[in-house]
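**Student:** Using the sequences and the accompanying hints, generate a full structural model.
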Amino acid sequence: SAKAAVMQWQWKKLVDVPNATAFVQIPFPAGSAAPQPEECLWRFEVAKSGELTTLAAPESPCASWMLDRLAAMDHLPPPATCRGVYAGGTLDLSGCPKNAQHLVKQIVGDKRFAFAPAARNVVEIVIPVDLAPHVFDAAALRDGFVLGTKLRFRIEQAGKEPIEERWEVTGHTESGCTIASQTVNPTTGALIEQFDEGTATWEELQSHADFPAHLTSISAANITVPAGTFQTVRYTVQEEDGTTKVLHFSKTLPGPPVSMVVKRGQEVVMSMVLLERSAP
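For the sequence shown, my numbering gives the first residue as 273, with consecutive numbering after it.
In short, the hints are calculated from the structure, not lab data. Certain hints may be false.
[Claimed, not checked] Across the chosen pairs, the derived CB separations fall in these ranges: (1) D409 to E433: 12 to 22 angstroms; (2) D513 to H480: 16 to 26 angstroms; (3) T460 to A412: 28 to 38 angstroms; (4) G431 to T459: 10 to 20 angstroms.
[To be verified] List of simulated lysine-lysine pairs, DSSO-like, C-alpha gap at most 30 angstroms: (5) K432 to K535; (6) K432 to K422; (7) K523 to K422.
We put the CB at the ideal spot given by N, CA and C, even for glycine.
**Tutor:** So this is what it looks like as structure tokens:
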């Protein structure tokens, strides 16, 4: 259709990324019986050639209006994404966690890419990233991170006083767990900050160890930290911001690494080591 052709042209102006998916907010046509707010999410999929191939309907309340115009209904973006902001011709990804499964580029309010007058035009481009293999899958985390597990870490950051962080697994189900955490003074034990309990699925916890395969090297190692000496799987991740992250995961303790060091050149930016781990 003419509308699809215009959208394809605009999409190709925006970016040409094979196998990408874009999510675009646009207004309903004037005079339509559109629900409020008068915007909804459209999906565009791009083939290897860079050509737009499909349009998909958004979620309710827009779905019934879209059903007459679009055939597909699969609209949900994949989990574990990060977002950058496009402004002034530059894509800023500084806020993106580097372990995201997918890179999402978000372009906000750029009139060059407006699909219609007064469109708010939030565009997300999802680019799949191959991940390095995990040490532990979700099932191993579920079985090894049991109710009552307690952990203490010492965390040091450049220019800041060291702190001790304490975790406790206070809830445990087949699908996930709840963790209470706090920071304390490592010398006196005085409370610095008490955090709200947080609940996550085992898959979400597994995703904390997502690292892009092309930036990651993996090797066997041994390391001694205050909690003991461990045989580990060592991940060396060359981050896109120029830092290098080295993480040691114990082969026998599912969960967070027993050691993590982040460097910029030869300077240590941050370090975290396991002081103690106990379980009922």
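**Student:** Next, verify each hint and record whether it holds.
**Tutor:** Each hint tested on the structure:
1. One distance hint, 12 to 22 angstroms for the beta-carbon pair D409 and E433, is violated here, with the actual separation near 37 angstroms.
2. Between D513 and H480 the Cβ separation comes to about 18 angstroms, which falls inside the hinted range of 16 to 26 angstroms.
3. Between T460 and A412 the Cβ separation comes to about 36 angstroms, which falls inside the hinted range of 28 to 38 angstroms.
4. Taken as a hint, the range 10 to 20 angstroms holds for the pair G431 and T459, whose Cβ atoms sit roughly 19 angstroms apart.
5. Straight-line distance between C-alpha atoms of K432 and K535 comes to about 16 angstroms, which keeps the hinted pair within the 30 angstroms bound.
6. Between the alpha carbons of K432 and K422 the distance comes to roughly 25 angstroms, so the proposed pair stays at or under 30 angstroms and holds.
7. Between K523 and K422 the CA atoms are separated by roughly 18 angstroms; this keeps the pair inside 30 angstroms, and the hint holds.
Taken one by one, the earlier hints fail for this structure only at number 1.
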